[in-house]
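K.L.:
Chain by chain, the residues run as shown.
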Amino acid sequence: TQLLEQSPQFLSIQEGENLTVYCNSSSVFSSLQWYRQEPGEGPVLLVTVVTGGEVKKLKRLTFQFGDARKDSSLHITAAQTGDTGLYLCAGARSSNTGKLIFGQGTTLQVKP
Amino acid sequence: GAVVSQHPSRVICKSGTSVKIECRSLDFQATTMFWYRQFPKQSLMLMATSNEGSKATYEQGVEKDKFLINHASLTLSTLTVTSAHPEDSSFYICSGQGVMDEQFFGPGTRLTVL
Numbered sequence: 001t002q003l004l005e006q007s008p009q010f011l012s013i014q015e016g017e018n019l020t021v022y023c024n025s026s027s028v029f030s031s032l033q034w035y036r037q038e039p040g041e042g043p044v045l046l047v048t049v050v051t052g053g054e055v056k057k058l059k060r061l062t063f064q065f066g067d068a069r070k071d072s073s074l075h076i077t078a079a080q081t082g083d084t085g086l087y088l089c090a091g092a093r094s095s096n097t098g099k100l101i102f103g104q105g106t107t108l109q110v111k112p
Numbered sequence: 001g002a003v004v005s006q007h008p009s010r011v012i013c014k015s016g017t018s019v020k021i022e023c024r025s026l027d028f029q030a031t032t033m034f035w036y037r038q039f040p041k042q043s044l045m046l047m048a049t050s051n052e053g054s055k056a057t058y059e060q061g062v063e064k065d066k067f068l069i070n071h072a073s074l075t076l077s078t079l080t081v082t083s084a085h086p087e088d089s090s091f092y093i094c095s096g097q098g099v100m101d102e103q104f105f106g107p108g109t110r111l112t113v114l
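Taken in sequence, the protein lines are chains A and B.
Be aware that the first sequence starts at 1, since it is given in the working numbering, and climbs by one per residue.
Be aware that the second sequence starts at 1, since it is given in the working numbering, and climbs by one per residue.
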């Protein structure tokens, strides 16, 4: 059973387009992280959200944590070729002693 | 801050040999580190949780005698793949836990077993 459903799993868009990636769960998370990973490298932390309804912005990236802390979204405005990569959401549950539950990942390809 | 290194970045070995992978937190102390395995274009699969000074906790289906983990200090955890076989070929990634449950990942180790 996948506790954190991430969608879409694959996305190919043109440079300049907008996109949204979703992570949904029936479970409540104490915090949720978004990572970006390039081929052959480890994931890099983009943001951590901890408060229900929280919105964080990182340049053209907007992250939102659902009011009930069960879901999150990542919105990219005017995508660039440099945004290409694997995006991963991961939730922490207070009972899991630090373990993260990862979504399936979204492979984003931004074409010039 | 929060930099994690892994060594080696890439290793090729013969079937039956053992391979040790080191994971170091360079600018923070990581009481807890995690070891993951990742297949191409897939998400991370947690193998085990490594706690400094105690035995590692393995996820279901992961053989503890095959994947030996040692976390001898607050900045170093090692994963030894014993008697490696071609099916063990994969991308192995470690992470150190931050104060807000976030994890800081190493750059990964590509293991190829011939």
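No lab work stands behind these hints, which were simulated from the structure alone.
Certain hints may be false.
In silico PhoX-like links for lysine-lysine, alpha-carbon gap of 20 Å or less [to be verified]:
hint : chain 1 : residue 1 : chain 2 : residue 2
1    : B       : 41        : B       : 55
2    : B       : 14        : B       : 55
3    : A       : 111       : B       : 64
4    : A       : 70        : A       : 111
5    : B       : 64        : A       : 99
6    : B       : 55        : B       : 20
7    : B       : 55        : A       : 99
8    : B       : 64        : B       : 20
9    : B       : 66        : B       : 14
Chain A regions said to be covered by chain B (calculated; three or more residues, Cβ under 8 Å) [as the list claims (entries may be wrong)]:
hint : stretch
10   : 15-21
11   : 65-79
12   : 98-110
If you want the ones that stay clear, here's a sample from chain B, every Cβ over 10 Å from chain A, calculated [said to hold, decoys possible]:
hint : residue
13   : 26
14   : 44
15   : 75
16   : 87
The structure presented is a predicted model; accordingly, all values stated were derived computationally and were not measured.
Glycine included, each C-beta is placed from N, C-alpha and C at the ideal position.
K.L.:
Confirm or reject each hint.
P.N.:
Checked hints:
{"no.": "1", "hint": "B:41 / B:55", "verdict": "violated (31 Å)"}
{"no.": "2", "hint": "B:14 / B:55", "verdict": "violated (28 Å)"}
{"no.": "3", "hint": "A:111 / B:64", "verdict": "violated (43 Å)"}
{"no.": "4", "hint": "A:70 / A:111", "verdict": "violated (32 Å)"}
{"no.": "5", "hint": "B:64 / A:99", "verdict": "holds (18 Å)"}
{"no.": "6", "hint": "B:55 / B:20", "verdict": "holds (17 Å)"}
{"no.": "7", "hint": "B:55 / A:99", "verdict": "holds (16 Å)"}
{"no.": "8", "hint": "B:64 / B:20", "verdict": "holds (14 Å)"}
{"no.": "9", "hint": "B:66 / B:14", "verdict": "holds (16 Å)"}
{"no.": "10", "hint": "15-21", "verdict": "violated (count 0)"}
{"no.": "11", "hint": "65-79", "verdict": "violated (count 0)"}
{"no.": "12", "hint": "98-110", "verdict": "holds (count 8)"}
{"no.": "13", "hint": "26", "verdict": "holds (13 Å)"}
{"no.": "14", "hint": "44", "verdict": "violated (5 Å)"}
{"no.": "15", "hint": "75", "verdict": "holds (17 Å)"}
{"no.": "16", "hint": "87", "verdict": "holds (21 Å)"}
In summary, the structure is inconsistent with hints 1, 2, 3, 4, 10, 11, 14 from the numbered list given earlier, while agreeing with the others.
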